[in-house]
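Engineer: Please model the entire structure based on the sequences and the hints provided.
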Amino acid sequence: MSVSKHVVSLLLENESGALSRVAGLFSMRGYNIESLTVAPTHDPTLSRATIVTSGDDRTIEQITKQLNKLVDVVRLVDLTEAAHVAHEMMMIKVRASGVQRDEIQRLSVIYKGKIVDVTESTFIIELTGNSDKLDAFIKSVGDEQILEVVRSGVTGIARGERGLKV
Amino acid sequence: MELSGGEILIQSLQDEGVEYVFGYPGGAVLHIYDAIFRQQQVKHILVRHEQGATHMADGYSRATGKPGVVLVTSGPGATNAITGIATAHLDSIPLVVITGQVTSKYIGTDAFQEVDAIGCTRPCVKHNFMVKSADEIASVMKKAFYVATTGRPGPVVVDIPKDFTAPHIKIPYEYPTEVSMRSYAPVSGGHVGQVRKAVELLAQAKQPMIYTGGGVLMSESHHELRKLAQELGYPVTSTLMGLGAYPASDKQFVGMLGMHGTYEANLGMHNCDVLLAVGVRFDDRVTGEIEHFCPNAKIIHVDIDPTSIAKNIGVDIPIVGDLKVVLTRMLELLAQDSRRANPEDIARWWTQIEEWKSVKSLAYEASDSVIKPQYVVEKVWEVTKGEAYVTSDVGQHQMWAAQYYKFDEPRRWINSGGLGTMGFGLPAALGVKLAYPESEVVCITGEASIQMCLQELSTAMQYGLPVKVVNLNNRYLGMVRQWQEFQYEGRYSNSYVDALPDFVKLAESYNHVGMKIEKPGDVEGALKEAFAMKEKLVFMDFITDDTENVYPMIEAGKGHHEMRMHPKVGELS
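Those protein sequence lines, which keep their order, are chains A and B. Plus 2 on top of the position in the first sequence (first one is 1) and you've got this note's numbering. Plus 15 on top of the position in the second sequence (first one is 1) and you've got this note's numbering.
Don't read these hints as lab results, they were simulated from the structure. Everything hinted at is true.
Partial selection, computed: residues in chain B whose CB lies under 8 Å from chain A:
id, residue
1, Met145
2, Arg197
3, Pro321
4, Lys326
Examples of chain B residues lying across from chain A (beta carbon under 7 Å, computed):
id, residue
5, Ile133
6, Arg137
7, Pro138
8, His142
9, Ser198
10, Tyr199
11, Thr322
None of the values given here were measured: they were computed from a predicted structure. Beta carbons: idealized from backbone N, C-alpha and C, even for Gly.
Structural biologist: Take a look at the structure:
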């Protein structure tokens, strides 16, 4: 069976220990975890988590079933099954001096990035979008210019009426 | 009613109808122990090691179907309990384990006897709760019992910091009558359409098998299983965990399947065309090499836990639901629809199974000079008329007990199947004996396993629990030795027990009765004598054949059709 990437979205009880149950499940059963984001929702008793994982169909089925079995997991959806938006945010600190400054600015405009910090020798550019776009930006800037990269990991939501509600 | 946190905890156990708490006091639980002291209803059993407490509660639960309750202190109390918690977890046994925790303001400071009990137990519980205030205790206890006993049961840990149980802080107490958790909703009925499809498939079978497991016992659906199997007339096999759900002495029962299953059960699996799997999880000890598993079968799998389905083996008709509900629906559908499998096909299948049965895969070489362990188990079965509660430890003796003690009733066979915990048998037997003081309770063990929780002989003395210990003493870690014989050319690395105690004197030192039996001719008499001593724990040390192996055996990487049989199979009766 072929391995594919899945974006799984969870509503969790906003309780201490809930996140460690989710993370522990992945390490305990040897499932891949590419990224995990979590934060409280507009309902403070609930947290929303987005997990990017990969596996063959049977593994993904087990992952969603095992997650559902966790007592702290309230609802779950595999976003990959239908139309969805899955974005992440990146802040990238790059060396920017002399002619590089113009070049980086132009590149940042092309990628719809935002320069959020400027010093004599560096820029911090904030960029959101799908992971491929972020990867492409990193590649365009080039390793030599990059000082630091911090990415949020993917957060996702289903398009239209479909969604996660209690 | 205003109570302290410690009193609330004990009062909530009373309100749950708990009879026994198995535990061991320590600093973090002293307030709770004081609350225990000041009441009569919940009886506390003082163990000698926290592992023993969890196994006792576990044995009590397996025999009665009620949740087992454990109370231990923080730190080492909690960590010692973990083996027993994991044992219950792998066999889906409902336990509520209360662990004391250091005073809340010291949490995270590496305080004396502090351990992160929630973190340590997380991978081996169904769920755990950290109590965050005294007024949360009652509702958390209600949830703990609810989660432990519903759906696929399992152990639940409740960790309570010491200050929340303090006697001077009184708060109003009311035990919740109901519990609802938005994140936990166990399933009940199976999908009606799927059940119908399953019944239709069963009616088309030519070579069917019914494969049953511990889930049948947990859901109390052995009556439904028996009716269904008898209605269909199909052969029934069972996992180690499910023995007794279907009567072993019934003609449709073909014995246990899997690594040490019978020839007829395993070949039945390998050759079947329709497999009805109920309350099982396709464990590796059952399936053998997955690649070879049931190559021609359409599989119906009924289980309450969706994660059990298609975890190890793909299935054709998955049914998630409570077995009792699903099996009842199947019976209703069969009553409405008279279509059945072709009787000639089924008769032909039975002829084939009888042929496999005639190989006598459980026959062993009798001896009048050395005691054969299988013989001892057969005699235990005879002397107890097959009615005893039998606990075991882990290894060869466990397999022989499963193979030669024919369990006709559910909840009589009590062993650690999933985790395979040596040391389980004796404390589990004590838990069973507390639940059923009038019944015979036998612990079939080995000289290695028994030494892993031997200290509980002292608990048996304190509470007067006259269980019978059948020690099959072969001076080896028998199952390890067997694998070393088969797979490591007889290099018996560290499998020989070279410094055994005198078990007779040891038993006597606890005011129990000790017996040493060395000749086959003495086995039956010794058992009769021991079982006649109704008021005494009798430790029977049987000196058995040190070279005996468990047959048949499916070795690693092999399928059901590749069993290793007794070297003299066919010549033995």
